[in-house]
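K.L.:
Sequence:
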Amino acid sequence: MLNRKGITIIEIITVIIVISVLAAVALPQYMAAIERGQVGRARTRVDAIRKAEAAYFSIYMNYSTDLTALNDVPEASAGLTNGSDGEWTYVVGVDANGESYTVTATRKSGLVAKFAGKTVLIDKDGQLVTTGTHPLGR
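If you read the sequence shown in the working numbering, its first letter stands for residue 795, the second for the next number, and so on.
Simulated from the structure, these hints should not be mistaken for laboratory data. What you are looking at is a predicted structure, and each value in this text was computed from that prediction instead of being measured. The beta-carbon is built from N, C-alpha and C at its ideal position, and this holds for glycine as well. Be careful, since some hints might not be right.
[As the list claims (entries may be wrong)] Derived CB-CB ranges, DEER-like:
#1 G911 with T802: 45 to 53 Å
#2 A863 with T838: 17 to 25 Å
#3 Q823 with G920: 29 to 37 Å
#4 M825 with R798: 40 to 48 Å
#5 T924 with G877: 17 to 25 Å
#6 D879 with Q823: 19 to 27 Å
#7 R798 with E881: 52 to 60 Å
#8 D879 with G920: 18 to 26 Å
Could you build all of it, start to finish, from the sequences and the hints given here?
P.N.:
Here it is, written out as structure tokens:
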């Protein structure tokens, strides 16, 4: 009678298949969680810009498209010097009358190419809209 110890190639292949299936299920969920966090980051930043615009308006009686000028408002700083924080690009658009504005954050890139170009918009009333591909495909 043979007394062999160790594992067979079939057992190794089975373990590799099980790990591969688990990784295939978990990785997209992980990437979606990262993207949701990035959207939350952009929402926080556009809200900070909205508050800085309100403070700027109370001083100068108009809105600014210059994010650097918003940093000079002592009550609220947008914290941006060049309209970007590495992951998102921020742009402030003011209407022709200077009575309203929209802050747009556009995703530069994502963990997956389909997340690039996602936008987060907020207006002077605090209405927040997220557009683009949802991280979970919803």
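K.L.:
So the hint says 17 to 25 Å: do the beta-carbon atoms of A863 and T838 match that?
P.N.:
Distance hint for A863, T838 holds at roughly 20 Å.
K.L.:
Given a hint of 19 to 27 Å, does the C-beta separation of D879 and Q823 actually sit inside it?
P.N.:
Distance hint for D879, Q823 holds at roughly 25 Å.
K.L.:
For R798 and E881, compare the CB-CB distance with the range 52 to 60 Å and indicate the outcome.
P.N.:
holds, 55 Å
K.L.:
State, for the Cβ atoms of M825 and R798, whether the hinted interval 40 to 48 Å holds or is violated.
P.N.:
Given a distance of about 43 Å, which is inside 40 to 48 Å, the answer is holds.
K.L.:
Can you let me know if the beta-carbon spacing of G911 and T802 is within 45 to 53 Å?
P.N.:
holds, 49 Å
K.L.:
Between the beta carbons of Q823 and G920, is the distance compatible with 29 to 37 Å?
P.N.:
holds, 31 Å
K.L.:
The hint says 17 to 25 Å between T924 and G877; measuring C-beta to C-beta, is that right?
P.N.:
holds, 19 Å
K.L.:
Taking 18 to 26 Å as the stated bounds, is the beta-carbon spacing between D879 and G920 within them?
P.N.:
holds, 21 Å
This entry satisfies every hint, going by the numbered hints stated previously.
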